[in-house]
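Trainee: So the chains spell out like this:
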Amino acid sequence: MCAWVNERNAPELLEYEGTTLENLMELVDFQNQRIQSQPAVIANILKMDVDRVKYLVRSYLRTRLAKIEKYALHYTREPRYRDRLSQSELDYAKGFVALEEKHMRRSFLDQLPPHLRALDETTTNGLEMVPKPDVDSAVFCRVRTTVGEFQFDASEDPILMKRTNIFITRYSIIRDLLEDGKVELI
Amino acid sequence: MAITTRQQEGFTMPELEYMAQCEDITIVPLHRMERLELMRALMLKRSNRCRIVAPEWLSYEHLHNLCKREDQPDSMFTKLPFHYLEIAQILLTNAEDDLIDSQGVRRLIQDLREVRQSKTREGLRMLNPLQLQMDNLSIAEINEIRPLFAHSFDMLRRLDELAGSSDVSRQQSQNMFADQSYSEFDDTFSSSYLNPE
Amino acid sequence: MLGDEAFRLAKEAKDITSAHIPVYNEEQVRLVTQETRYLWTRIEEMIASLNSNNKTTGATAEGSQLNTNGQTSLYILTAGRNKRCLLAYHHRRMEFLRSLLWSIHLAPSLVPPTLSQRLSPEEQNFSREYARLNSAYRDAVEDQLCPNDSLDWTANGELPPRDMFIEVRVVRDCGEIVTESGVVNLHVGTQHYLRRSDIEHLLTIGYLEHTNAV
Numbered sequence: 126m127c128a129w130v131n132e133r134n135a136p137e138l139l140e141y142e143g144t145t146l147e148n149l150m151e152l153v154d155f156q157n158q159r160i161q162s163q164p165a166v167i168a169n170i171l172k173m174d175v176d177r178v179k180y181l182v183r184s185y186l187r188t189r190l191a192k193i194e195k196y197a198l199h200y201t202r203e204p205r206y207r208d209r210l211s212q213s214e215l216d217y218a219k220g221f222v223a224l225e226e227k228h229m230r231r232s233f234l235d236q237l238p239p240h241l242r243a244l245d246e247t248t249t250n251g252l253e254m255v256p257k258p259d260v261d262s263a264v265f266c267r268v269r270t271t272v273g274e275f276q277f278d279a280s281e282d283p284i285l286m287k288r289t290n291i292f293i294t295r296y297s298i299i300r301d302l303l304e305d306g307k308v309e310l311i
Numbered sequence: 269m270a271i272t273t274r275q276q277e278g279f280t281m282p283e284l285e286y287m288a289q290c291e292d293i294t295i296v297p298l299h300r301m302e303r304l305e306l307m308r309a310l311m312l313k314r315s316n317r318c319r320i321v322a323p324e325w326l327s328y329e330h331l332h333n334l335c336k337r338e339d340q341p342d343s344m345f346t347k348l349p350f351h352y353l354e355i356a357q358i359l360l361t362n363a364e365d366d367l368i369d370s371q372g373v374r375r376l377i378q379d380l381r382e383v384r385q386s387k388t389r390e391g392l393r394m395l396n397p398l399q400l401q402m403d404n405l406s407i408a409e410i411n412e413i414r415p416l417f418a419h420s421f422d423m424l425r426r427l428d429e430l431a432g433s434s435d436v437s438r439q440q441s442q443n444m445f446a447d448q449s450y451s452e453f454d455d456t457f458s459s460s461y462l463n464p465e
Numbered sequence: 302m303l304g305d306e307a308f309r310l311a312k313e314a315k316d317i318t319s320a321h322i323p324v325y326n327e328e329q330v331r332l333v334t335q336e337t338r339y340l341w342t343r344i345e346e347m348i349a350s351l352n353s354n355n356k357t358t359g360a361t362a363e364g365s366q367l368n369t370n371g372q373t374s375l376y377i378l379t380a381g382r383n384k385r386c387l388l389a390y391h392h393r394r395m396e397f398l399r400s401l402l403w404s405i406h407l408a409p410s411l412v413p414p415t416l417s418q419r420l421s422p423e424e425q426n427f428s429r430e431y432a433r434l435n436s437a438y439r440d441a442v443e444d445q446l447c448p449n450d451s452l453d454w455t456a457n458g459e460l461p462p463r464d465m466f467i468e469v470r471v472v473r474d475c476g477e478i479v480t481e482s483g484v485v486n487l488h489v490g491t492q493h494y495l496r497r498s499d500i501e502h503l504l505t506i507g508y509l510e511h512t513n514a515v
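Protein chains in written order, with my numbering: chain W, 126 to 311; chain D, 269 to 465; chain X, 302 to 515.
The set of hints was computed from the structure by calculation and includes no laboratory data. A hint or two may mislead.
Below are the DSS-like pairs computed for lysine-lysine, each with C-alpha atoms no more than 25 Å apart in a straight line [said to hold, decoys possible]:
1) W/K287 with X/K315
2) X/K315 with W/K227
3) W/K257 with W/K195
4) W/K227 with X/K312
5) W/K257 with X/K315
6) W/K227 with W/K195
7) W/K307 with W/K287
8) W/K257 with W/K219
9) W/K195 with X/K312
10) W/K227 with W/K257
11) D/K336 with D/K387
12) W/K287 with D/K387
13) W/K195 with W/K219
Sequences are here, hints too, so could you generate the full structure?
Mentor: Set out below in structure tokens:
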């Protein structure tokens, strides 16, 4: 549940929680086998469990797909992000990049002068055309284990971060704390 | 898109209720008390196999006190469960007969919510491009202010970048909502909500 | 004026909402690509003439050279801007298409005719290939995570499963529905306490409304 909420709130793609997903789905498989042999009341409860887990897995994966589509080119190029994708996600990202490019090419790029046909050029005024996630954007986070004094900015006094404290801040500032599991996004 | 635009900006109310149902709650199944997850309690309740024991905070008296404290000038946000609005909504809809004075409770939840809303609006004025502490806000409340706060925060940040890293005195304003009485959480809160007996 | 055609296209891109998409403006796209090609030919001519001027006359014609330089950069900037408008226009439409496809279980055949008329042949092609890309992904994930079960991949993503009763008011006559606990007559103005999953679809289309929502 925490991985899902974090993924939903983080501006960039987070590490793929492959093992967690596999464990969850193993549980679903186990419950599915039990459902048949149970009285209706219990079967209902088990069915509910199965549905809830499936929703979680589905929404988690779809959240990632939506992010992958948004920054597909960037994620497939940067090794840092490529390592965070599952094999199926990487295939999806590559497929999506190709599909988008093909669509643009056939719709109008092929009609432009050859010099203007690239999708990843840097324009004359320095604007890059490959969209990237904004890691400085605002997030709400809650402290899971007391961090102690924490410096939000080099020029500011440190602030005490205790369990259950809630902050709105830049994602980049608390990214390491998130990776260490010390804060969670909410 | 794989998830809707609304979902890219935050959570839907059904999603929050979905999360909230993992919280524990006390029920009376057949004369003895048990604690289990809210979703299980609801299923038992629906088939008349149990009565749900309202959490202590979801009583007229407790909410009345909270409202009074919340209404004091310059007060912090009072402590409530992280999913208090969803749990209240779920119980008021699905176990109304297990609540004492459910109409009063419903009204007070609404009042409490409004007082807290106006407080968060004040919080917006204290927003700065670095951080703002907002202890004890519940997830539904955060979800509600998320689009406005996140956009304002990002805008301030860009202005700040434009202005260079000029040191505007933000320090004194930024922790208006810092919770000074953390230990109180364990005392009043966990004891009333987590162990209602 | 220079770049006007692209501006019109950018404006159309802005008009796309989650509920509405205008007809694919093939003519406008053609006008913009045409202008861009024209600009580029002129740019190449100017650069060629600058080079030859430099060789033959040296710095004598400085005034006219500055003028040409200004003209060239204006053309280059406009060509770049045209391309960005084209990209934005198509990108925005693709976003709309993806949202639409997800809402109809990634089945391009379910695109309502009123909408498919507004799409270019390329966009219809994109829809089919996007659906294919997704089913390849879904198959790979299901093979790996749940070979004996399906993930209900395209189920409504905004509604987590619930097994709860809610109180609803009937806004429009729905006739009788069969629920787990028997037949219920949903007559205008009446209120009922029903299992959510039995009436979710009626809530969505506005035949029922949820009473006492906090």
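Trainee: Look at each hint and say if it fits the structure.
Mentor: Hint-by-hint comparison with the structure:
For the hint pairing W/K287 with X/K315, the CA-to-CA distance comes to about 45 Å; that exceeds 25 Å, so the pair is violated. Restraint check for X/K315 and W/K227: the C-alpha separation of about 23 Å stays at or below 25 Å, so the hint holds. A threshold of 25 Å between alpha carbons decides the hint, and for W/K257 with W/K195 the separation of about 8 Å falls inside it, so the pair holds. Simply put, W/K227 and X/K312 have alpha-carbon atoms about 24 Å apart, close enough for the 25 Å limit, and the pair holds.
At most 25 Å may separate the alpha-carbon atoms for a hinted pair to count; W/K257 and X/K315 meet this at roughly 21 Å. At roughly 16 Å between alpha-carbon atoms, W/K227 and W/K195 fall within 25 Å of each other, so this suggested pair holds. About 10 Å separates the Cα atoms of W/K307 and W/K287, which keeps this hinted pair within 25 Å; it holds. Of the pairs offered as hints, the one joining W/K257 and W/K219 holds, with about 16 Å between alpha carbons and a cut-off of 25 Å not exceeded.
Between W/K195 and X/K312 the CA atoms are separated by roughly 22 Å; this keeps the pair inside 25 Å, and the hint holds. Note on W/K227 and W/K257: the hinted pairing holds, with a Cα-Cα distance of about 21 Å set against a maximum of 25 Å. Taking the CA atoms of D/K336 and D/K387, the gap is about 14 Å. The hint holds against a cut of 25 Å. Our distance criterion of 25 Å between C-alpha atoms is met by W/K287 and D/K387, whose separation comes to about 22 Å.
Between W/K195 and W/K219, the direct Cα distance comes to roughly 13 Å. Compliance with the 25 Å bound is thereby established for this hinted pair.
Against the hints set out earlier in the document, a violation occurs for number 1 only.
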